[in-house]
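Quick mapping for you: the protein sequence lines, in order, are chains A and B. Numbering (the working numbering) for the first sequence: 1 to 316. Numbering (the working numbering) for the second sequence: 317 to 689.
Wrong hints could be hidden among the right ones.
[Said to hold, decoys possible] Straight-line alpha carbon distances no greater than 30 Å define the calculated BS3-like cross-link-like pairs of lysine-lysine that follow:
#: 1; chain 1: B; residue 1: K325; chain 2: A; residue 2: K247
#: 2; chain 1: B; residue 1: K628; chain 2: A; residue 2: K236
#: 3; chain 1: B; residue 1: K588; chain 2: A; residue 2: K248
#: 4; chain 1: B; residue 1: K556; chain 2: A; residue 2: K236
#: 5; chain 1: B; residue 1: K604; chain 2: A; residue 2: K261
#: 6; chain 1: B; residue 1: K459; chain 2: A; residue 2: K248
#: 7; chain 1: A; residue 1: K254; chain 2: B; residue 2: K629
#: 8; chain 1: A; residue 1: K254; chain 2: B; residue 2: K325
#: 9; chain 1: B; residue 1: K325; chain 2: A; residue 2: K268
#: 10; chain 1: A; residue 1: K247; chain 2: B; residue 2: K459
#: 11; chain 1: B; residue 1: K588; chain 2: A; residue 2: K251
#: 12; chain 1: B; residue 1: K428; chain 2: B; residue 2: K325
#: 13; chain 1: A; residue 1: K301; chain 2: B; residue 2: K604
#: 14; chain 1: B; residue 1: K588; chain 2: A; residue 2: K76
#: 15; chain 1: B; residue 1: K628; chain 2: A; residue 2: K248
#: 16; chain 1: B; residue 1: K459; chain 2: A; residue 2: K236
#: 17; chain 1: A; residue 1: K301; chain 2: B; residue 2: K608
[To be verified] Here are the computed distance ranges between Cβ atoms for each label pair:
#: 18; chain 1: A; residue 1: P90; chain 2: B; residue 2: E456; range: 48 to 54 Å
#: 19; chain 1: A; residue 1: S239; chain 2: B; residue 2: I654; range: 30 to 36 Å
#: 20; chain 1: A; residue 1: P291; chain 2: B; residue 2: V625; range: 15 to 21 Å
#: 21; chain 1: B; residue 1: E453; chain 2: A; residue 2: M276; range: 37 to 43 Å
#: 22; chain 1: A; residue 1: H60; chain 2: B; residue 2: E624; range: 53 to 59 Å
Everything labelled a hint here was simulated from the structure, so no lab data went into it. Each residue gets a CB set at the ideal place from its N, CA and C atoms; glycine is no exception.
Take a look at the letters that make up each chain.
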Amino acid sequence: MSIFDHRLLFIVGKGGVGKTTVSVALGLAAKRLNKTVLLIEVGDADAIGQIFDRKSLPEHPIQIQPDLWGVRINAKSVLQEYIKLHVNIPFIAARIVKSKIFEYIIAATPGLKEVMTLGQIWRWEQNKTFDNVPHFDLIIVDAPATGHGVSLLMLPQTLINMLIVGPIVEQTRVVHNLLIDPDKTCTTLVTIPEELPVNEALEFKTIASQQLKMPVQATFINSVYPNDFSESDEEKINSNIQEICEKKHLKKLKPMFELAKSTIFRRKLQQTYIDMMYAQQQKHETIVELPFVFSHRLSVKEIEPLVQMMLKNESS
Amino acid sequence: MKNKIQTAKIIACCGSGGVGKTTLSAAIGLYGALIGKKTIVLTIDPAKRLADALGLKAINYEEQCIPDSCFDAIGLKPKGELFAMMLDTRHVFDRVVSTYSSSPEMAERIFKNRYYQYLSTSLAGTHEYMAMEKLYELNETNKYDLIVLDTPPSRRALDFLDAPERLNDLFGRHFFWNLLKPYFKAGKLGYRMIYFVASPVLRSISKIFGIQALNDLADFFYLADESFIDGFRSRSLAIKSVLSSPQTVFLAISSPMRAPMLEALYFYDKIKENNMPFGGFIINRVHKTLEKISDTDRDAIHAWISSEVLAKKIIQNYQRFERLGASCNQLIDNLLSITDPTMHIYQIPFFESDVHDVAHLCQLHEYLFNTDF
């Protein structure tokens, strides 16, 4: 099953591996497959906005590009709306929202913020246009870094245990059913070929299948150096460097060759980590390698190679 | 930085996840030990190979001394000693509870409370607070000349500056405490039901959230008595004063990318706002600015190398990194332009391989302290 045939993509991974970049690239790729996409940012960061060179996303979906929408979830305001919806007496609802205990419960109830976040995602998933087709074909959630990504996804169990009854539990059950449906929700893992991120990615895969019951279906290995140099290139470069050291007039060229050499070294190191990811590839897991972007100022233009790679993987 | 580390008692490294805080904390700690300070690095989750290289055992939350054999590789003998300690939030929290509980029975009941179990592991800010708690505890023992703190890798780590206040709110003046305590103190737990039903606000809340959650909360605060809360409160204030002391240095660590840099700036603002001593930015893994490849160089490569294809690859590879270096440089310039011009910005280059042993840590000293041993 293609990753783009799901309804919901949950993008998880360690901080700094490029979750947001991958989320946006997936959105752009899906758009080209004629899908209407909603990109969701969870938390206070405004990384998605930055890529599109705009300010942070608002709390209601807005159109960023044709067929590409974006929104930022603020759990607290979702909860306020929710209270207003569930407490019939407006005056009491207003008092609850303003009360200190409300603030406190938000801060202290396990998973309440998370369930509100997930509940809102679910509502967007359910959104229909006037002719009763889904408003969004694909919803992409840029989840918090793995640790928090897990707590976000773990919440249905935690909360159902804590609360036992009440409307929030009912909502949680519905959301949970959406999350654990592998045809609808695709747990999408992002990592980079380095020691810590790969270890953490492998750990997450175990947690995802055993504890969350949401096995990883797609893994993106981000920031992979291009594999330009062959074995024989490497040999030649090494002997070239030796020659440079011996001959004075070639000295100026040293940095170019040294850089080629270190790129080859780094690429090989990356390969060992990429191999580790493939060695533990699961049955229904697609692994896609995404190219390194040679700029630290990301923009829609800069991540185009990632979009291309995703589309290429799709057609193969 | 050299002077700062000589006078500092506490160095706190802040930054978003994945920027190399743990490695840099280890490098700073190592330097402290080398110049003769008895140093401890309070860390969260070091890379396995780095932990192995330092002879650290993974599941050990005690203070561990780095054996001398680890320094053999660099042929140096530290004048001071180097210790490391891994932080486990639950473990620290349990200790705090034991300390402030009026009796062992009370501590035991708190441990068993479901709400406590959540509070001690998952509540936003708990990790940060416990890191501070441990820091304070170590500082009080006066066992170490220098404590290097590797803060928890999360955006929430930003909260840790406010953590003492947050915990104060939690335990001090919050709703449950003031309103419900008299009822619970009567010892009749049945009262709480009556209470919930009597107030329309509480009634609505308990309907929406389910009564169980509120009961667990209520139980927790019933268990936690006055001395417990007071202990927490005075501790929080003491921590805050240690952090504001001139012997503390905060460092903001980032990689040369936009998002972590914004995070580092956020830290900087927060630290300034709290009147705490800021020591500078460390930008890790910077791709250096490469000299632009000239047409003559390009021709020279083509003329020298027989393979046209290989020459092209080498030039293309160089140009890519040229671009990457330029983007790093631009980001750092931006940082300079928005902070104070006297701001210290330490740049650590991107190394060919991962930093995972003592020799590699020493390499970092050159960039941080302008010396290598």
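A quick look at each hint next to the structure:
no.: 1; hint: B:K325 <-> A:K247; result: 52 Å, violated
no.: 2; hint: B:K628 <-> A:K236; result: 14 Å, holds
no.: 3; hint: B:K588 <-> A:K248; result: 52 Å, violated
no.: 4; hint: B:K556 <-> A:K236; result: 60 Å, violated
no.: 5; hint: B:K604 <-> A:K261; result: 16 Å, holds
no.: 6; hint: B:K459 <-> A:K248; result: 56 Å, violated
no.: 7; hint: A:K254 <-> B:K629; result: 15 Å, holds
no.: 8; hint: A:K254 <-> B:K325; result: 44 Å, violated
no.: 9; hint: B:K325 <-> A:K268; result: 42 Å, violated
no.: 10; hint: A:K247 <-> B:K459; result: 57 Å, violated
no.: 11; hint: B:K588 <-> A:K251; result: 48 Å, violated
no.: 12; hint: B:K428 <-> B:K325; result: 37 Å, violated
no.: 13; hint: A:K301 <-> B:K604; result: 23 Å, holds
no.: 14; hint: B:K588 <-> A:K76; result: 28 Å, holds
no.: 15; hint: B:K628 <-> A:K248; result: 23 Å, holds
no.: 16; hint: B:K459 <-> A:K236; result: 56 Å, violated
no.: 17; hint: A:K301 <-> B:K608; result: 23 Å, holds
no.: 18; hint: A:P90 <-> B:E456: 48 to 54 Å; result: 52 Å, holds
no.: 19; hint: A:S239 <-> B:I654: 30 to 36 Å; result: 48 Å, violated
no.: 20; hint: A:P291 <-> B:V625: 15 to 21 Å; result: 20 Å, holds
no.: 21; hint: B:E453 <-> A:M276: 37 to 43 Å; result: 38 Å, holds
no.: 22; hint: A:H60 <-> B:E624: 53 to 59 Å; result: 56 Å, holds
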